[in-house]
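Engineer: Take a look at the letters that make up each chain.
There are 2 protein chains.
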Amino acid sequence: MFILIGLWQIGSGQSHPNLVLTADGIAEINKGAKAPLFEAELEKAKQLVNASIAEGIIVPIPKDLGGGYTHEQHKRNYNSMYMAGAIYQLTNESKYADFIKDMLDEYVELYPTLPIHPTKKSYSTGKIFWQCLNEANWLVYTAQAYDCIYEYLSEEERAIYESKLFKPFADFLSIENPKFFNRVHNHSTWGNAALGMIGLAMDDEELINRALYGLPISEKNDLAKDNDGGFIYEKGRAQAGFFAQIDNAFSPDGYYEEGPYYQRYAMTPFMVFALALHHKKPELKIFEYRDGILLKAVDALINQTDQSGTFFPINDAQKGMSIQAKSVVSAVNIAYAVSGNPQLLSVANIQQQVLLDQNGFAVARDLNSGKAQAIQKKSIELRDGKNGDKGALGIIRTKKNEEELALVFKYTSQGLGHGHYDKLSYSFYQGETEVLQDYGAARWVNIDQKAGGRYLPENKTWAKQTIAHNTLVVDQISHFKGKYDLANEAHSEPVYFDCSDPKFQVVIAKEENAYSDVDFQRSLLMVEINSKPFVIDLLTVRSDQDHQYDLPFHFQEHFMQSSVELSSQNPPTILGEKHGYQHLYHLATGQIEDEMMQLTWFKNNHVYSVSCLAEEGDEMILARIGANDPQFNLRTDDLAIHRKKSKQNAVFLSVIEPHGDYSPVTELPQDIYSSVEKIELKFHDEEYTVFSVQLKGEKAQTFMLANKDNNPDSKHSVKVEGEKLQWTGMAAYQK
Amino acid sequence: MFILIGLWQIGSGQSHPNLVLTADGIAEINKGAKAPLFEAELEKAKQLVNASIAEGIIVPIPKDLGGGYTHEQHKRNYNSMYMAGAIYQLTNESKYADFIKDMLDEYVELYPTLPIHPTKKSYSTGKIFWQCLNEANWLVYTAQAYDCIYEYLSEEERAIYESKLFKPFADFLSIENPKFFNRVHNHSTWGNAALGMIGLAMDDEELINRALYGLPISEKNDLAKDNDGGFIYEKGRAQAGFFAQIDNAFSPDGYYEEGPYYQRYAMTPFMVFALALHHKKPELKIFEYRDGILLKAVDALINQTDQSGTFFPINDAQKGMSIQAKSVVSAVNIAYAVSGNPQLLSVANIQQQVLLDQNGFAVARDLNSGKAQAIQKKSIELRDGKNGDKGALGIIRTKKNEEELALVFKYTSQGLGHGHYDKLSYSFYQGETEVLQDYGAARWVNIDQKAGGRYLPENKTWAKQTIAHNTLVVDQISHFKGKYDLANEAHSEPVYFDCSDPKFQVVIAKEENAYSDVDFQRSLLMVEINSKPFVIDLLTVRSDQDHQYDLPFHFQEHFMQSSVELSSQNPPTILGEKHGYQHLYHLATGQIEDEMMQLTWFKNNHVYSVSCLAEEGDEMILARIGANDPQFNLRTDDLAIHRKKSKQNAVFLSVIEPHGDYSPVTELPQDIYSSVEKIELKFHDEEYTVFSVQLKGEKAQTFMLANKDNNPDSKHSVKVEGEKLQWTGMAAYQK
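Protein chains in written order, with this note's numbering: chain A, 1 to 735; chain B, 1 to 735.
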């Protein structure tokens, strides 16, 4: 944690602008230090705003959903006003202030005449936009534009904007939409920040307090749900407003319950409103609140990315979203202003964008003067839950040559309405390549042709289901039967996290709630054998009833070879009727007769293998996503399923190996065969599991795990094949 | 065409080295001009060779296929010798000469003892390698290494290498393998060059003549075929050897019958041997031969690439092969040495590799001093056939913002054994994105798990078949019934090529041989309407029998929306039993009732649409590759088929539109709907076709085509809806 250096706090005074961009900040920028990235940003903004000015003010009657014309035009408007405000402050050219004024004049005419938006598709429909969420975006940015021209306006003009536009706008978002405003949810964080920002700009203490502490809680909406199936109110919560968001949204490690895709989006209102409070209400010490949680959250967000800065798409997340997003630019710029952490400059260097204020300027200036330090992404456990007691996300990292390997182990809570039913699932990355994927969400955000850009039906029927993830499925039924109300009550249990030895990193977690009569525990190991990295996945399952156990491997690209003889079906059948199985084509089945099942696949010019301990009666199923998808909404990726039929207790032991490379230009393959020769389960009972992995031409290496006692100082011993193995802590190895 | 400036010819004398790297070249390099790319290349080569020296000489008993250990080690050996030769000449350090000597000592021991390679999988099995082709590679590179240490060796040493290794090696490749040596084929070009290079190094006129003019032609192998199904001998050919290759391999425009993937590979022996002849036998004026055909061939090769320099994968071609390939580096470096064309420096700049000789040095030096000029890739027609009379490849180019659009129209001859059955097919590119793909070959070159890296069975059953391409399929039967012997006799007919107006580019070709009773003609137009680029595809079909006509669109990535109501099948059926249809899953069918069928798809964050003129009874079929593929060798890409059932004459009229963009980071869509409102066929008979395309909110634009008279000066007139339309040349438009 970096100390709070409060760059812009002291002496910021109360003259406008004083929210995010401040009068002192302008003075700092005007000193003229070199900051090429900032200058480029200003130039770009000028071009955009000049084009808007040339085009004239366009404030259409609201009509469209996201992606539609009126929606996009109103978005453009608040962005233009926001940029024009900054440009006006930086250049003193009145045409930019006039542009904002002219725009506000149109809104002040239009807004009071507006009924509820005609679409009525949201649990909280807006007026300018189809949902209050976008309405809050508008106010967060417009408040900043207003702050920038506050002193340019006459007192009468301000009185008109405030009484006819901003105050009714704020009341609509809060008093008239308590479902939207009073939740603990990213939507409401935007709502709180919107009221807070305009309240600070107007010096309206009542609005500021409403933003900080919410409306009084009403119990009557207790069981209402939002469009995504999430509860509006949780039982027993007594708080609302911005502080309640900070208290509830993040774990003590800065993890955001819904995952990084939504955290990225939520960070803007947290950071922007916090910075405005930092400037205008320093007595709140907002960046020190909860032990500096807002800065921890920025760190946590940056840590939940692959080597290219793309977010791990856990829960509902559209793939491809990354630290390049504007919201992360603002979070990083503000975090840098507050903390001075030079690693943030390296993130900014990837982003190649900065804010149009003194925070962006400082980032650009310090980048230019060479102050950046490399980002250190280490293995990390991010606890989930307000108190850090609702599971965790474990990220294990190592390197293969120049590429980062990241193993993302999800033993969190449900993740609210955007959560997927995938307890103890993992995804695995090499550089930018998804070795074993998390499907992400079934959604094209803002793509009108695909259900208006909203979540597709297949998000619920496929993407959220357990089989869409790399984790155990019992009897073809999803965890918690795919029921949110059940899942939301539970979380997985972290058991052990020890990544202190980079060549032997171990994370263990267990799940006892997903199925009524099946418990499972998963140990993920990132180990180095013979100077090569391997993931070892030990999944032990316990039940006193017979069940079918499926463990999928979402390998996604091209099947190369399998050790199992596959009999393929032409045309394929469909694997099941519900819980996601109805979306899977059953391409081929292999009856396992060997003690090992091996699969090799090709992806992005890399070659991977998984080698699984197998027993007679096990099956390997090759499946492809895409069945029962009449609108062709799903990606048609491939997966393999390791199936154990009619078992009570079971052990899945898999070794995942990123071994090979290929270039279509040189056409030279490198290490395209798995190096795993043999996997042996040497000992297994409730207390201990001992197994060995033998590479081709090498001696076997033995791994010992204690299954119950997670005290790192406990000493263990077990006799295997006449030899007494002894170790300390939950996991160890012996050459 | 650039004039031949013969940089290294004058005064190169006859002292060794004098093949590619020359003594004069060394002197030029030693003058010390700055050439950073060359210095980096030398440094890299030193590291590689030093590592080989440290490892010791490894010359294993031949055993493996391509990709296997002994194969790769022998490849490494000739590459190391080749680099060591250059390094020795550049540094005078004797350890590099000794390395080559030590290596040759091993080969001179081993080679005379070797039987035919144990694999026996090639029509011309080698001794060190599984095919003579690799054997010839070995000799081309080893000859250069030998040339570099020629004067370091004693006369006795030379006598031993030449009599015990090189001469028998050359005889084996030629006299003992006439099937390999005496063809007109890229394999034989390597064979000819191998003999020529070692002949020049040894000053053995007999070998040189054998290389230049081949062995006497024997008729007895007339009907033999190679592993890929191509004929070894064509009927009536009277010549063999290097000159015969140059005479036969290229069209007068430098087009190579098999396409750019194989041309890329073939260019090395052409250019390397030609340069050695240029140095040692200047009287042959090899680079002026056939009007400078070798340099034209390099130009043609560079033109057959997308914006990133990746080759268009027509015929048998593994996707991803590009101008980055080493063989293109050598072609470009040698072409620059001969022509001084500064556009080649821009290609070298993309390659970021140069040869380790005076040619690579000159490229690096001139790049460094800023002499590069931008590559001008224009619309171009590359005639096929030795005399330019066997069809052509038409490439139409334009730009969309910063991205290059390239429409590749294939109306060539068959392309020998690597040809696909796809007369009048096209593929379409935006930047690096395949908008409508050519599937390429079904093969993973050198990937052992996939049939040892050779062509897969599905190459024949799918990739070569007509339905795997964007062209007409009649009655679900491939062109020429998929029979090579028939296809090889024929070629399509170029009709018209006029790309002089960048906003209205037209290429027309016809095919009268692919089906016995169906003729078809295709007009591809790249036009600009309302400042946006569109491809218009008019395919007219004529028969006096009833047939089913299929026109596929290989859109490949994600289906977004269709104007036709699709009824999908779960699970899918299979579309047919042969000619590639057995590999297609039939996902859905739409019965067309409107006058237009529209399909929108998403690929690489672009959005595309095709709008087709339709009539009642037409069907739209959505299909996916992957059926009857027990080893999962095929990519499972999607395609749409526009089907007309039971027709004699038919008109397919399609407008392809690269309209939209999306970013998963900003989540902002741009222009994701097609702008085509209506397509109308206004007039159609044997002589003329008139149609209009109307964009949303715009007036219709009328296009007029003469179907028969291809005289660009002919005047045409036709009365449509009471209006007399008049134009000159085959195609015109009227707003």
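Since the hints were derived computationally from the structure, they do not count as laboratory data.
Each residue gets a CB set at the ideal place from its N, CA and C atoms; glycine is no exception.
Mixed in with the good hints, there may be bad ones.
[What the hints assert, rightly or not] In silico lysine-lysine, BS3-like type, Cα no more than 25 Å apart, as pairs: (1) B:735 / A:603; (2) B:63 / A:696; (3) B:696 / A:63; (4) A:44 / B:399; (5) A:400 / B:735; (6) A:682 / A:719; (7) B:735 / B:678; (8) A:44 / B:400; (9) A:603 / B:319; (10) B:121 / B:179; (11) B:399 / A:326; (12) B:603 / A:603; (13) B:44 / A:319.
[Unchecked claim] For the chain A half of the interface with chain B, some residues (derived, Cβ under 8 Å), not all of them: (14) 320; (15) 321; (16) 448; (17) 451; (18) 495; (19) 499; (20) 556; (21) 560; (22) 561; (23) 571; (24) 574; (25) 627; (26) 630.
Engineer: Checking against the hints above, which ones are violated?
Structural biologist: Violated: hints 1, 5, 11, 13, 17, 18, 19, 20.
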